[in-house]
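**Q** Keeping their order, the protein sequence lines are chains A and B. By the count of numbering that gives the first Met the number 0, the first sequence reaches residue 408 at its end, each step adding exactly one. By the count of numbering that gives the first Met the number 0, the second sequence reaches residue 408 at its end, each step adding exactly one.
Certain hints may be false.
[Said to hold, decoys possible] Output of the computed footprint for chain A on chain B, the stretches with three or more beta carbons under 8 Å from beta carbons of chain A:
id: 1; region: 79-92
id: 2; region: 291-298
[Unchecked claim] Chain B stretches covered by chain A per the calculated footprint, using a threshold of three residues with CB under 8 Å from any CB of chain A:
id: 3; region: 48-54
id: 4; region: 116-123
id: 5; region: 309-318
id: 6; region: 331-343
id: 7; region: 381-392
None of these hints come from the bench; they were simulated from the model. Given the structure is predicted, the values throughout are model-derived calculations rather than measurements. Don't be surprised by glycine CBs; every beta carbon is placed ideally from N, CA and C.
2 protein chains.
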Amino acid sequence: MAQSVELLRSPVLPGGFIAAGVACGIKDGGKLDLGLLVSNYPAVSAATFTTNRIKAAPVRLSMRHLKGGQVQAVFVNSGNANACNGKRGGKDARAMAAAAAGALGLEQRQVFVCSTGIIGLPLPVEKIQEAAPAIAKKLRRGGWRDFSRAILTSDKCSKIVSARIMLGGKKVTITGSAKGAGMIAPNMATMLAFITTDAAVTAEELDRATKDAVSASFNCISIDGDMSTNDTVLVMANGAAGNRPLRPGSGASRIFRQALARVMLELAWRLVRDGEGVSKFVTIEVLGAATQRDARRVAESVANSSLVKCSWNGSDPNWGRVIDAVGYSGARVDESKVDIFFNGIAGAKGGKAARTPITRLKAAVAKKEFIVTVHLNLGGGSHRVFTSDLSEGYVAYNRLEYALKIQGR
Amino acid sequence: MAQSVELLRSPVLPGGFIAAGVACGIKDGGKLDLGLLVSNYPAVSAATFTTNRIKAAPVRLSMRHLKGGQVQAVFVNSGNANACNGKRGGKDARAMAAAAAGALGLEQRQVFVCSTGIIGLPLPVEKIQEAAPAIAKKLRRGGWRDFSRAILTSDKCSKIVSARIMLGGKKVTITGSAKGAGMIAPNMATMLAFITTDAAVTAEELDRATKDAVSASFNCISIDGDMSTNDTVLVMANGAAGNRPLRPGSGASRIFRQALARVMLELAWRLVRDGEGVSKFVTIEVLGAATQRDARRVAESVANSSLVKCSWNGSDPNWGRVIDAVGYSGARVDESKVDIFFNGIAGAKGGKAARTPITRLKAAVAKKEFIVTVHLNLGGGSHRVFTSDLSEGYVAYNRLEYALKIQGR
Chain A
0 MAQSVELLRS PVLPGGFIAA GVACGIKDGG KLDLGLLVSN YPAVSAATFT TNRIKAAPVR
60 LSMRHLKGGQ VQAVFVNSGN ANACNGKRGG KDARAMAAAA AGALGLEQRQ VFVCSTGIIG
120 LPLPVEKIQE AAPAIAKKLR RGGWRDFSRA ILTSDKCSKI VSARIMLGGK KVTITGSAKG
180 AGMIAPNMAT MLAFITTDAA VTAEELDRAT KDAVSASFNC ISIDGDMSTN DTVLVMANGA
240 AGNRPLRPGS GASRIFRQAL ARVMLELAWR LVRDGEGVSK FVTIEVLGAA TQRDARRVAE
300 SVANSSLVKC SWNGSDPNWG RVIDAVGYSG ARVDESKVDI FFNGIAGAKG GKAARTPITR
360 LKAAVAKKEF IVTVHLNLGG GSHRVFTSDL SEGYVAYNRL EYALKIQGR
Chain B
0 MAQSVELLRS PVLPGGFIAA GVACGIKDGG KLDLGLLVSN YPAVSAATFT TNRIKAAPVR
60 LSMRHLKGGQ VQAVFVNSGN ANACNGKRGG KDARAMAAAA AGALGLEQRQ VFVCSTGIIG
120 LPLPVEKIQE AAPAIAKKLR RGGWRDFSRA ILTSDKCSKI VSARIMLGGK KVTITGSAKG
180 AGMIAPNMAT MLAFITTDAA VTAEELDRAT KDAVSASFNC ISIDGDMSTN DTVLVMANGA
240 AGNRPLRPGS GASRIFRQAL ARVMLELAWR LVRDGEGVSK FVTIEVLGAA TQRDARRVAE
300 SVANSSLVKC SWNGSDPNWG RVIDAVGYSG ARVDESKVDI FFNGIAGAKG GKAARTPITR
360 LKAAVAKKEF IVTVHLNLGG GSHRVFTSDL SEGYVAYNRL EYALKIQGR
């Protein structure tokens, strides 16, 4: 359903939103590392956060601000997660919100703050405070691209997606931007995503629509199975399009939900494609599970198996490792019923090797994007997870971080 | 306790056991790939098996034979797991048992069979049948070394461990051999282990002692989090030492249990040290958890995090990734109480960076073997897991297997 919504070739910011990105000196080499996104009007807001029990200070602060009702600005830094910094972390997160509020003439509780980067290093908040007035002056509709670059960490490129729909005769735009790259696991990835729309939506409807869309997109991707302390998805709806506010259950709301889900799914896919060291984009499709829960267990077990991911990196149609991960997933499995396909070509039928020539299987897995289908032939449960291979590049990228950053302390 | 038992510098096979290893042609290049281990007397036997719901045919057959009571021979091939081969797999496993039984003059149900290697390729059982008479002729006390080499797959070296204890004035030997290398996860690794002893032990005591020792050794190691279809630990006790049969609760049985646990723990450690691409041996020690279960969850979460394991590979004391994995383990955590140490040197205290100079932390993690201690400061739960780094070598080794093996089919 969601996939039928058309995306804009040139993403644009919805009406009533402005943005900017600057380099404030957290990252070396003058890289953009501070982003500000503002709605000209109070915006109905909904969000989902990491389920990690260790939550970064800005996550805890933004959870409180979100309860206050209407968020009007998002202030984000990259290069430092402001996680595990004790009481100082909370103080710095509040100082960051205060700096944006001061520069914009807003209440502190109207500012949502996010940080992403290394865990356990104190945030150089004075750099953010100094840069706040300047970034506020740079705010404009076209500032979205700089904002999207300023939130990146190890991502190779920024990710911006726009959809346009008609709601009650009004043109409505939904535009999102996200960052990811490592620490990507189901149930929120190491990621930030900011979705803006000029639709008018009731708070109740936006909350439900956001949760549903996140569960079918960002919660279905996995790169390395690690879930971060900072994951956040925020949706802001400012009503600038002038449509009648969307309520749960209405026809217009159905269209809005589809478009919101489509934008999030596209962003989630781009996060996987741009994951650290990723050379393959793989969809794990589980069918015929005894229950929905079993289907999810099997898909995640396969998606998080290091051995399976290594085999994809080598374009090896190693269905034996796939069925091994199916077996230890905890789901009900009858070995003699398991079928495994690579792009629809049978690797295993009834729990043993299919009679497919190996050249055909290899050709399927040699593609940069392919689907691994696991059919358990037990019931109606199904689930999809979007994931990647595990490469030497991933290891090389992640073997040294903390000691480098902390050098000279 | 178990660690106080002394191991023999030169391992020897206990009295009444003989063994052999030959090359039967499953592996290329004349490598040893078939092992036979025999007790001259009926032996009380106990075993634990993979909990993977996809079990290899030889595992299913050996589970049945074990119920028959006394196993007297173990017939093992490497290079092919005989897993996921449908009905033919079961037939081939039975043929393998029959071949050994015929060559040894035993009943088929007295033979325990094991296979290890690639999943999903039919077992060339005729090669095993042809080699059975020849390997039976080669059986002798000194054949243990060939046996230990014949069971290896991607292992770089064989692992043999012996302990000697006195039980009621009789000299008792416990000797074990194991193979591992990849697909190593808690709750049995991709591994086979065969432990022999000339102690006289009741079936009940041997079963309990085996389960306890496995749970404190092989079930506490993790290389890549993948659990295989073939994992098996078998203990055979033939009573040749002439001691009074050990019963649960006796003082002699306590000594026996310690020695058995020590042999298994040493084998488990050697499996980790010889894991695919392993350059670091890391002990994860969790203290102060609210419950034992929480302690295990935290230890396994840290041990299986790709990001944490990459940082060890780079000798990076990245405690932020460790605390992140603690946070998503599902265990109760109070961030402000978490302490993390590398070889006893504090990386984090109270959930934030400790004031330790980075050079000291780096020196600890630069060692080939070190301990990561996570103290949750919540209760009395503790657990240890033995694990490794994740290297580019692991990925390079595992990226191509099935397509290579199947070439020219």
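**Q** Against which earlier hints does the structure fall short, listed by number upward?
**A** 2
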